[in-house]
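*Asks:* Each chain, written out:
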Amino acid sequence: GAVVSQHPSRVICKSGTSVKIECRSLDFQATTMFWYRQFPKQSLMLMATSNEGSKATYEQGVEKDKFLINHASLTLSTLTVTSAHPEDSSFYICSASPGKNEQYFGPGTRLTVT
Amino acid sequence: AQKVTQAQTEISVVEKEDVTLDCVYETRDTTYYLFWYKQPPSGELVFLIRRNSFDEQNEISGRYSWNFQKSTSSFNFTITASQVVDSAVYFCALSEAHTDKLIFGTGTRLQVFP
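Top to bottom, those sequences are chains A and B.
Residue numbers for the first sequence follow this note's numbering, so the first one is 2 and each next one is one higher.
Residue numbers for the second sequence follow this note's numbering, so the first one is 23 and each next one is one higher.
For reference, chain A alone in the conformation it holds in the complex:
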């Protein structure tokens, strides 16, 4: 149980285009979903917290207009990187929480912007 999927696992896009990453909790309802970014050889940095049906809460320094988060249902959250630039190339990981301080992580999406 407690499986979280992410799609796509890898994506390469051209500078200036937008990319959407999906995060799904497959066998439980996630009251909260989190989006993290991880640069090579660095730790995971929380980007934003999203609750179903409400606006995401962004961490300091994360541009909400650049990283659009939608949490349309209790099993799906999407992160859209708008007008991507090479510096947005990173490993993006989502996690889903059913509450009770539990978090289950997706396998990650490696984004490369050329």
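Derived from the structure by calculation, the hints contain no laboratory data.
Since the model is a prediction, treat every value here as computed from it, not as a measurement.
Watch out, some of these pointers could steer you wrong.
Derived DSS-like pairs (lysine-lysine); straight-line CA-CA distance at most 30 Å [stated by the list, open to error]:
hint	chain 1	residue 1	chain 2	residue 2
1	B	92	A	21
2	A	42	B	123
3	B	92	A	101
4	A	65	B	123
5	A	56	A	21
Reference excerpt, derived from the structure (chain A facing chain B, CB under 8 Å, subset only) [to be verified]:
hint	residue
6	45
7	47
8	50
9	98
10	102
11	108
For each residue, glycine too, the CB sits at the ideal point set by N, CA and C.
We have chain A already, so just place chain B on it with the hints.
*Replies:* Here is chain B on its own, set in the frame of chain A:
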């Protein structure tokens, strides 16, 4: 403010050696949770353990053991008889009871050589 410190950036051992990964945390809350995750080269985060602040019992799971010491704010992780498959980056993390947000340490890269 909450913080997780993993002072060891990289550790190299030879197979069958025991190795301890250190984790020191800071929090003002009396109720909190501590975690360890393994991140192999594939990138996916593998959950290893969750501990709440009221449970100071040490835990053993196969070759893995954890030592939680509230007096020193530490939650150290020991791998006994290490194997090459243990090579990965290991992250310690903290979440406070009033929020599901995870604060990650900077990670320790463990390399186990045959």
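*Asks:* Against this structure, judge whether each hint is valid.
*Replies:* To see whether the hints hold, each was checked on the structure:
For the proposed pair residue 92 of chain B and residue 21 of chain A, the alpha carbon gap of about 42 Å is over 30 Å, so the pair is violated. With a C-alpha separation of about 22 Å, the suggested pair residue 42 of chain A and residue 123 of chain B falls inside the 30 Å cut-off, and the hint holds. This hinted pair checks out: residue 92 of chain B and residue 101 of chain A have alpha carbons roughly 21 Å apart, not beyond 30 Å. The hinted pair formed by residue 65 of chain A and residue 123 of chain B meets the criterion: a straight-line CA distance of about 18 Å does not exceed 30 Å.
For the suggested pair residue 56 of chain A and residue 21 of chain A, the alpha carbons sit about 17 Å apart, so the restraint of at most 30 Å is met. This hint holds: residue 45 of chain A has a C-beta 5 Å from the nearest C-beta of chain B, less than the 8 Å allowed. Taking 8 Å as the C-beta cut-off, the interface hint given for residue 47 of chain A holds, the closest approach to chain B being about 6 Å. Satisfaction of the interface hint for residue 50 of chain A is found here, the shortest Cβ-Cβ separation to chain B being roughly 7 Å, below the 8 Å cut-off.
Interface restraint check for residue 98 of chain A: the shortest CB-CB distance to chain B comes to about 5 Å, inside 8 Å, so the restraint holds. Here the hint on residue 102 of chain A is kept, as its CB sits about 5 Å from the closest CB of chain B, short of 8 Å. Here the hint on residue 108 of chain A is kept, as its CB sits about 4 Å from the closest CB of chain B, short of 8 Å.
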